[in-house]
Amino acid sequence: MPASLLEREVVGGALHPEAASEGSRRLSGFLSRLRTARPLIVFICSLVSGIVVSAVIILVSLQQSRSALAQVFAHPGHSLATIGDTLGVAYGALLSGALGKPAAFSLAMTHSSLANWAQAFQPLGATVTASVPLAVGGMGLAVAYRSGVFNIAAPAQMICGGIAASWVGFSFGSLPMPIHVALGLLAACVGGAVGGLAPGLLKVMTGANEVIVTIMLNYTMAGVLTWLVSDTFFSQLAGTSPVGRATSASGSLPELFGNVVGIDAGVVVAIFALLFGWVLLNRSRLGFELELVGTSPDAARLAGVRHGRAFLAAFGISGAVVGLAGAIPVLGNQHQLQATFGASVGILAITVAFVGRNRPVGVMFAALLYGVLQIGGLNLQGATGLSAELSTVVEAVIVLFMVAPALVAEIYRLKPVGGMRLGSLALSRGWGS
Amino acid sequence: MARSSTAKAVTTLMVVAGLLSAMASDAGSRHLKVSFGPGGLSLDPVANAPVSVICWVGAVVALGGVGAILASSRVERKGGVHPFTNAQIVLRVAVVLGCAGLVLGYLIWAAHGERLDLSNIVVGAIGGATPLILGSAAGVISERSGVINITIEGEFLAAACASAVVATVAHSAWLGLVAGIAAGAIVGGILALFAVRYSVDQIVAGLILITLITGVTGYLFGQIIDPNQTTLNSPPTFSGIAIPLLDRLPVIGTGIFDQSIIFYIAILTVVLVELILGRTVIGLRTRACGESPRAALGAGVNVRRIRSVACMVSGGIAGIGGVYFTVGSAGPFVPQMTAGLGYVALAAVIFGGWRATRAALAALLFGFGTSLGTSLGVLNVNVNPELLIVLPYLVTIAALAGVVGVVRPPAADGVPLAEA
Chain A
1 MPASLLEREV VGGALHPEAA SEGSRRLSGF LSRLRTARPL IVFICSLVSG IVVSAVIILV
61 SLQQSRSALA QVFAHPGHSL ATIGDTLGVA YGALLSGALG KPAAFSLAMT HSSLANWAQA
121 FQPLGATVTA SVPLAVGGMG LAVAYRSGVF NIAAPAQMIC GGIAASWVGF SFGSLPMPIH
181 VALGLLAACV GGAVGGLAPG LLKVMTGANE VIVTIMLNYT MAGVLTWLVS DTFFSQLAGT
241 SPVGRATSAS GSLPELFGNV VGIDAGVVVA IFALLFGWVL LNRSRLGFEL ELVGTSPDAA
301 RLAGVRHGRA FLAAFGISGA VVGLAGAIPV LGNQHQLQAT FGASVGILAI TVAFVGRNRP
361 VGVMFAALLY GVLQIGGLNL QGATGLSAEL STVVEAVIVL FMVAPALVAE IYRLKPVGGM
421 RLGSLALSRG WGS
Chain B
1 MARSSTAKAV TTLMVVAGLL SAMASDAGSR HLKVSFGPGG LSLDPVANAP VSVICWVGAV
61 VALGGVGAIL ASSRVERKGG VHPFTNAQIV LRVAVVLGCA GLVLGYLIWA AHGERLDLSN
121 IVVGAIGGAT PLILGSAAGV ISERSGVINI TIEGEFLAAA CASAVVATVA HSAWLGLVAG
181 IAAGAIVGGI LALFAVRYSV DQIVAGLILI TLITGVTGYL FGQIIDPNQT TLNSPPTFSG
241 IAIPLLDRLP VIGTGIFDQS IIFYIAILTV VLVELILGRT VIGLRTRACG ESPRAALGAG
301 VNVRRIRSVA CMVSGGIAGI GGVYFTVGSA GPFVPQMTAG LGYVALAAVI FGGWRATRAA
361 LAALLFGFGT SLGTSLGVLN VNVNPELLIV LPYLVTIAAL AGVVGVVRPP AADGVPLAEA
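Residue numbers (my numbering), protein chains in the order written: chain A, 1 to 433; chain B, 1 to 420.
Please note: incorrect hints may appear among the correct ones.
The following label-pair restraints were derived from C-beta to C-beta distances [as the list claims (entries may be wrong)]: (1) A:Gln63 / B:Ala170: 22 to 30 Å; (2) A:Leu186 / B:Thr231: 49 to 57 Å; (3) A:Ala249 / B:Ser329: 48 to 56 Å; (4) B:Asp226 / A:Gly173: 42 to 50 Å; (5) B:Ser329 / A:Ser241: 53 to 61 Å; (6) A:Gly29 / B:Gly189: 37 to 45 Å; (7) B:Gln229 / A:Gln71: 26 to 34 Å.
Derived from the structure by calculation, the hints contain no laboratory data. We put the beta carbon where it would ideally sit given N, CA and C, even for glycine.
Make the full structure from the sequences, and use the hints.
Structure below.
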């Protein structure tokens with residue numbers, strides 16, 4: 001039953017085409033296309049779901065909004081105002097912590113000075129810096145997932161890359177900077193590739209399922225990192241907690257744009273990594289073979305692609321890129337290995353790859369989104385006192401909806417579209433070949 | 001069984017074991033005496049009892065056992081169920097004794113000059129294995145119905161958190177247990193929602209669920225629990241139950257018969273799971289959903305409902321395992337306290353060939369691996385304590401690498417039912 005004037009015109013237009021205007025035909029077509037479960041729409045709906053869940057959690061967690069919720073029927077206007085206030089403060093803190101305060105920007109524009117501009121750009125710089133390892137790691141993982149390889153060892157490979165890069169960073173004191181940095185990044189790729197080839201070789205030679213082996217590798221490398229940073233030549237005691245030795249100045253990633261925006265050359269590395277991933281997957285023969293193996297191992301076998309070789313290539317490349325992601329904080333803004341490095345960033349990179357649907361562009365946007373959530377979450381904690389784990393919950397909700405387009409379609413009444421499976425993620429095939 | 005290859009394997013292992021025990025008996029100054037101490041059997045440093053004899057005995061039994069492993073694995077490869085001949089039973093017993101001998105030999109070597117209390121090791125192993133046993137039972141149920149349950153880790157965590165809080169608030173450990181089971185079942189239900197109803201890749205859905213639960217429990221901890229530790233996170237714990245006569249057995253007595261009640265629940269659960277899956281109609285239907293869901297569908301079985309129910313039951317059982325971390329042992333909840341043991345439980349399922357009792361034995365092995373790290377730490381072995389923590393994970397990797405090809409997953413495991 002047509003409900004609105006627009007729908008009446010649209011339906012009427014469908015029944016009497018000559019009666020409907022050109023504009024309403026275009027609009028109805030656009031609207032109906034909007035209500036399908038295409039990837040972008042699913043992403044927006046997942047984002048909306050994440051925002052709704054976070055709103056509920058925020059409202060329930062804060063005292064004043066809890067009492068407002070309790071009185072929402074007794075004093076609707078006042079309660080709704082309080083609710084709106086609370087959410088406004090919370091989301092305002094999130095966004096300003098991630099992107100910057102408008103006041104700071106206007107101050108910098110009126111009283112233009114380096115210090116003011118640096119102040120204004122500081123949150124944005126922090127967000128970009130947080131997003132960079134996610135983008136690089138997500139790209140590496142996307143390569144693996146497109147090939148049907150369940151590489152869950154992102155934390156382990158980041159740690160391997162970080163260890164290698166840190167060693168290069170503090171061991172050589174007097175090389176010219178570009179060479180030193182390049183050596184560090186190269187070492188990280190090698191370290192990460194080792195971390196990727198180990199489970200790959202184990203799977204190819206013994207058939208051990210890579211999901212559990214990679215997860216075990218995460219815990220193993222976390223222990224190895226703690227040991228390295230506490231008890232070996234890597235260690236440098238700073239106060240009470242052990243950290244690794246600091247990267248020397250020539251080995252550190254240089255700051256970009258002077259000191260104003262607060263981002264370092266890691267951004268350049270990220271752009272290169274994303275480009276590399278795009279070229280590999282879309283324009284190279286190896287990428288084609290990898291994707292073939294990922295989509296249909298039988299077809300790949302018939303086409304002459306050796307499964308073991310493709311598997312190892314996927315694990316090795318993925319490990320190398322993820323190792324590179326691990327090097328960026330170590331050579332860049334953190335300047336040293338922390339004892340708990342890699343655990344959260346690695347898991348987040350996995351979700352970034354899922355949300356980005358294993359495509360370079362998607363991974364880039366997903367990484368930026370998750371960077372916003374991470375840095376904004378810290379500011380949210382400062383402004384409202386809510387635990388920063390809230391951003392973890394929101395991140396997980398978003399990716400949960402992203403991987404279940406059927407669920408999103410059901411909740412948001414979207415029409416299913418062909419290929420409602422996860423697109424380029426590995427089709428569900430259990431414990432693998 | 002090709003005799004020549006078995007003989008070759010046995011001979012190779014003889015050489016290896018001989019080298020190992022030679023290494024162990026190298027430092028002639030290590031003398032040990034076996035004695036009965038307060039905790040049962042223990043080894044005290046005393047003169048005139050050469051170690052090498054013990055090591056040699058251990059090594060010989062070990063190689064016999066390892067050879068038996070190789071021999072018996074060929075039986076598995078043929079698939080199906082063979083009634084075991086006496087020879088095979090003897091071989092399997094030799095496997096257990098052999099591995100025990102090898103580890104004992106190593107412990108003796110590692111304990112040079114120190115007092116090694118074997119019963120403590122058994123207690124620690126069983127304690128570490130209890131959540132793994134429950135987790136492996138949970139994994140067996142869901143995997144046999146065709147759903148890969150990676151979320152055991154998440155169910156552990158959710159149950160640990162829920163049981164700690166509820167037990168504290170209600171001042172009752174039993175209510176905490178119920179809450180833990182409910183939390184695990186809810187997580188299992190969410191997994192069923194995504195994996196069975198919406199056909200999301202089960203490993204992906206499981207991993208994301210774990211991230212979500214880690215985040216939720218971490219948030220609850222930081223927001224509500226940590227500021228109110230006394231009112232929300234000081235649960236009463238289950239006291240140990242000692243079976244009167246059996247707990248005085250040497251070495252294994254205190255380990256097996258004086259444990260938290262959750263251990264006894266775990267044993268009961270494994271027995272029940274094995275019986276129900278293997279010998280009831282509902283068990284047959286569940287197994288059919290995991291092996292050939294199309295055939296089950298044709299026979300009138302509601303595959304989706306059985307898989308969903310299996311997921312929730314699996315979650316509930318994993319919930320019991322999760323309760324062990326808080327109410328079943330030490331008490332308060334700490335974020336991420338499960339430390340990957342859920343994944344180790346899943347590895348135990350694989351190692352045990354997707355059968356409940358064998359998975360439980362595998363869980364025992366992994367539990368021993370967990371406690372070995374602590375025991376070696378106590379012994380002041382010359383290995384860094386941080387590296388000892390990674391021992392259970394390395395044991396898991398080694399076990400997985402060694403057993404593939406010998407065991408076979410349910411045919412439709414992990415493949416969602418795609419209906420037209």
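The hints, checked one at a time:
As the Cβ distance of Gln63 (chain A) to Ala170 (chain B) is approximately 24 Å, the hint placing it in 22 to 30 Å holds. One distance hint, 49 to 57 Å for the beta-carbon pair Leu186 (chain A) and Thr231 (chain B), holds here, with the actual separation near 54 Å. Remark: the range hint 48 to 56 Å for Ala249 (chain A) to Ser329 (chain B) is upheld by a beta-carbon distance near 49 Å. For Asp226 (chain B) and Gly173 (chain A), the hinted distance range of 42 to 50 Å is satisfied, since their beta carbons lie about 44 Å from each other.
The hinted window of 53 to 61 Å between Ser329 (chain B) and Ser241 (chain A) is violated, with their beta carbons roughly 28 Å apart. Distance hint check for Gly29 (chain A) and Gly189 (chain B): the Cβ-Cβ separation is about 40 Å, which falls inside the suggested range of 37 to 45 Å. A hinted range of 26 to 34 Å for the beta carbons of Gln229 (chain B) and Gln71 (chain A) is consistent with their spacing of about 31 Å.
Checked against the numbered hints given earlier, the structure breaks only hint 5 and satisfies all the rest.
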